[in-house]
Structures are given as structure tokens and as C-alpha cells.
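Asker: Since chain D is already given, all that's left is putting chain G on it; use the hints.
Read top to bottom, the protein sequences are chains D and G.
So for the first sequence, the numbering used here puts the first residue at 1; every next one is plus one.
So for the second sequence, the numbering used here puts the first residue at 1; every next one is plus one.
For the record, the hints were derived by calculation from the structure and aren't laboratory data.
One thing to keep in mind: the hints can contain errors.
As the list claims (entries may be wrong) - Simulated DEER-style distance windows between Cβ atoms:
{"#": "1", "chain 1": "D", "residue 1": "P135", "chain 2": "G", "residue 2": "P153", "range": "15 to 21 Å"}
{"#": "2", "chain 1": "G", "residue 1": "M1", "chain 2": "D", "residue 2": "P135", "range": "21 to 27 Å"}
{"#": "3", "chain 1": "G", "residue 1": "S134", "chain 2": "D", "residue 2": "P130", "range": "28 to 34 Å"}
{"#": "4", "chain 1": "D", "residue 1": "P135", "chain 2": "G", "residue 2": "A149", "range": "18 to 24 Å"}
{"#": "5", "chain 1": "D", "residue 1": "P130", "chain 2": "G", "residue 2": "A5", "range": "20 to 26 Å"}
{"#": "6", "chain 1": "D", "residue 1": "P130", "chain 2": "G", "residue 2": "N62", "range": "36 to 42 Å"}
{"#": "7", "chain 1": "D", "residue 1": "P130", "chain 2": "G", "residue 2": "G61", "range": "36 to 42 Å"}
{"#": "8", "chain 1": "G", "residue 1": "W55", "chain 2": "D", "residue 2": "P130", "range": "23 to 29 Å"}
{"#": "9", "chain 1": "G", "residue 1": "S88", "chain 2": "D", "residue 2": "P135", "range": "36 to 42 Å"}
{"#": "10", "chain 1": "G", "residue 1": "T123", "chain 2": "D", "residue 2": "P135", "range": "31 to 37 Å"}
{"#": "11", "chain 1": "G", "residue 1": "N62", "chain 2": "D", "residue 2": "P135", "range": "38 to 44 Å"}
Cβ coordinates follow ideal geometry from the N, Cα and C atoms, glycine included.
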Amino acid sequence: MRLRYLRATIAAALIGLSGCTVAGQAALNGLPSQITGAEATADQTINQLILQKAVDTHNLGVALGQVNAAQGMVSMTPNVTVTTTATPAPVATVAPPDTMPTPITMPPPVSAPVVVPPPVATPAPVGTNPPATLP
Amino acid sequence: MSASAVVLAALNQSYGSASSKAFLAALAEGEGGTTFTILYGGSQWTGSLAAFPPWAGAAVGNSETHAAGAFQFEPASYAEAASISGRSAFYPQDQIQNAWDYAATIFAARYGSLHDVMQAGGTMLSLIPTYLISIWPGGCDSAFPSRYAGNLPLVSTTTAPAIADPAAAQLLAEDMRPHISKVTLRIGRGRKFGIRL
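Only chain D is shown next, with the shape it has when bound in the complex (with noise of 0.2 Å):
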């Protein structure tokens, strides 16, 4: 399974009260068509409850969109901002150089092919020479 951290910031969160029918609109992928007001408590928002049921599904892109989306409200509207920000694993990259290279002052190459014998081999210590890696 792929493995990906999302970190979300809840801007605003509203209060489910408590003996109240708080219906959210929810979506496709598994999640309850419905929250009655017996799971909502006191302690607890929609926002939550939803997250809560989308922690436990590992569905909570899909919930993310629905908590803007509830309806049914009793008292309040919704008024919840969530903004998600992907943080993958963080991958190595190799910046260029800021200003141009200078570049190499070239003599002509060698002419004529020179036939030497080949040199003695000057193997590298064990793992200091790990291939090339080219695109």
C-alpha cells in the first residue's frame, strides 16, 4: 500500500448539538450516507465525525470534500474551510549551479590514436564507486 501523509488545518469547526438530526451529505466510496444525532455529542462536530468515520475507512479525501458540503443543519451552517497540504516523502534533487560554469579551456584532442598498453588497474576500495546514475 502506498503510503502517503496528509497534514490538514481545520480554519473553523461547528459544534453539533446535542439531540439535534445533523445529516451529512456524504459521497461515494463507503462512507454512511448519513451522521444521526445520537453519534453527535457535545464534544463533538460534524467535522470530527466525519473525519473520525473517514479516519477509520481511510477515506478522508473524499470526507474533506463532503464537510463543506453538509446539509441539513438544524441551527448553524456549515461554515468550515479545509485546506490540505501533501508532504510526500521528501525526494532528493540535485540544484544546478547558480551562475554559468566556466567552461573547460580545451587544447585539440589528441590527433593520432595512440596505442598504449593498458594501464595498471587501480580498482576502487569496495563501495566507493557505485555506478553512474544518468537519465
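Answerer: Below, chain G alone, put in the same frame as chain D:
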């Protein structure tokens, strides 16, 4: 004609596409870099390859060169290349990595993606002499396209194995632990928490 067997063998030990390897093979061939220890003039460096060879150099007209290796780097340019790649040693794979990274960086600053051009081939290969001949007068001359075509069948694409990511391994280990799924929110107040999908 093609690059030497020594250079081709080392390139085929590298990871990467055949087009990238053929670029380097054509470059080495044009520079006369038949081995990774060759010095300008044809002699061979027999000392350590832990760093750029500190050889005395050779006179060229009124100037002096210290070019060495399959791609005939000078010490200053090799140091620049090493600052890009992170590989300051002078072993064959270090030279290969540095040659590509250096060429790609300069080409990107002057035109665009070197790999894309090599993958495209054909008439695009004429861009190599246009933008890199000042760096490698022999290796990136007008004959580069024909050398590239001659070397391409002699190198193969090699895929690098997946690199173990310590950060990913840690996340996976954390994933195996029981996670807290209940979050209590209060009106007007924000909470930050990590969520597993």
C-alpha cells in the same frame, strides 16, 4: 568507429538510458578518451583515483593543459562537475556521472533538456555541437551525430534498483503502530494532525 571497449564497458555498468550513454560514448570518442586514466598526450595516470590526478600537465602552444580521463576534464571543470554530482573521486563511474551532470547543466542553461534532445535524436543532435562545442571542442564537434549513431547500438539501457528511502521506511514503521483517529475540534480553533490514507 566507436568509443573504446573500456569506456563502453563502464558505461554499460552505469544506470540510465542508452541515449544518455551513447552521448557520453560519442563525447569520449571525440576527445580521444580511450581509458579513464589517459592524460592529454596519451600517457596513463597510474596513481590514485580518489581525486582528480595531480599530474604536471602538458604544454599546448603557449598554454598548458591538465586534461585527464575519458572526457578530458580540466581540474577546475571537474571540480565544478563534482559540485553538481557530489562525486569528487576520479573512478570511472565518477567520471561518467560528472560528465553527464556537467554537460546537462550547461546544456540546460543554454538550451534545455539534454536528455530530451538525445531521446529525440535525428536533427536535434545538431544542437550538441551548437551548444557544447565550446566545452568539448573534440567531443562535441560537427561529427558528434555520426559518432552518436555509431555508439548507440553498443550501449544498453539499465534501470537502477529502487533506492531505499529511510524516511519512507520510518513512515512504514509508524504505520504499523496503532494510530489515534479521534480528533476533538472546537469552534473557531484549528487543529493540525497527520492523517493516513
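Asker: Mind checking the hinted window 36 to 42 Å against the Cβ distance between P130 of chain D and N62 of chain G?
Answerer: Taking Cβ atoms as reference, P130 of chain D and N62 of chain G lie about 41 Å apart, which means the hint holds.
Asker: Given the range 36 to 42 Å, decide if the beta-carbon distance of P130 of chain D to G61 of chain G lies inside it.
Answerer: Because 39 Å falls inside the window, the suggested range holds.
Asker: Falls inside 23 to 29 Å, the C-beta gap from W55 of chain G to P130 of chain D?
Answerer: holds, 25 Å
Asker: State, for the Cβ atoms of S134 of chain G and P130 of chain D, whether the hinted interval 28 to 34 Å holds or is violated.
Answerer: holds, 31 Å
Asker: If you check the beta carbons of T123 of chain G and P135 of chain D, does the distance land in 31 to 37 Å?
Answerer: Given about 21 Å between the Cβ atoms, the range is violated.
Asker: Measuring from beta carbon to beta carbon, are P130 of chain D and A5 of chain G in 20 to 26 Å?
Answerer: Since P130 of chain D and A5 of chain G have Cβ atoms about 22 Å apart, the given range 20 to 26 Å holds.
Asker: Could you say whether the range 15 to 21 Å given as a hint is met by the Cβ separation of P135 of chain D and P153 of chain G?
Answerer: Holds, since P135 of chain D and P153 of chain G (Cβ atoms, about 19 Å apart) stay within the stated range.
Asker: Given the range 36 to 42 Å, decide if the beta-carbon distance of S88 of chain G to P135 of chain D lies inside it.
Answerer: violated, 22 Å
Asker: Taking 21 to 27 Å as the hint, is the beta-carbon distance of M1 of chain G and P135 of chain D inside that range?
Answerer: 25 Å Cβ-Cβ, so the 21 to 27 Å window holds.
Asker: Could you check the hint for me, namely that N62 of chain G and P135 of chain D are 38 to 44 Å apart, CB to CB?
Answerer: holds, 40 Å
Asker: Is it true that the C-beta distance of P135 of chain D to A149 of chain G lies inside 18 to 24 Å, as the hint says?
Answerer: Given about 20 Å between the Cβ atoms, the range holds.
Hint compliance for this structure: hints 9, 10 are not met, and every other hint is.
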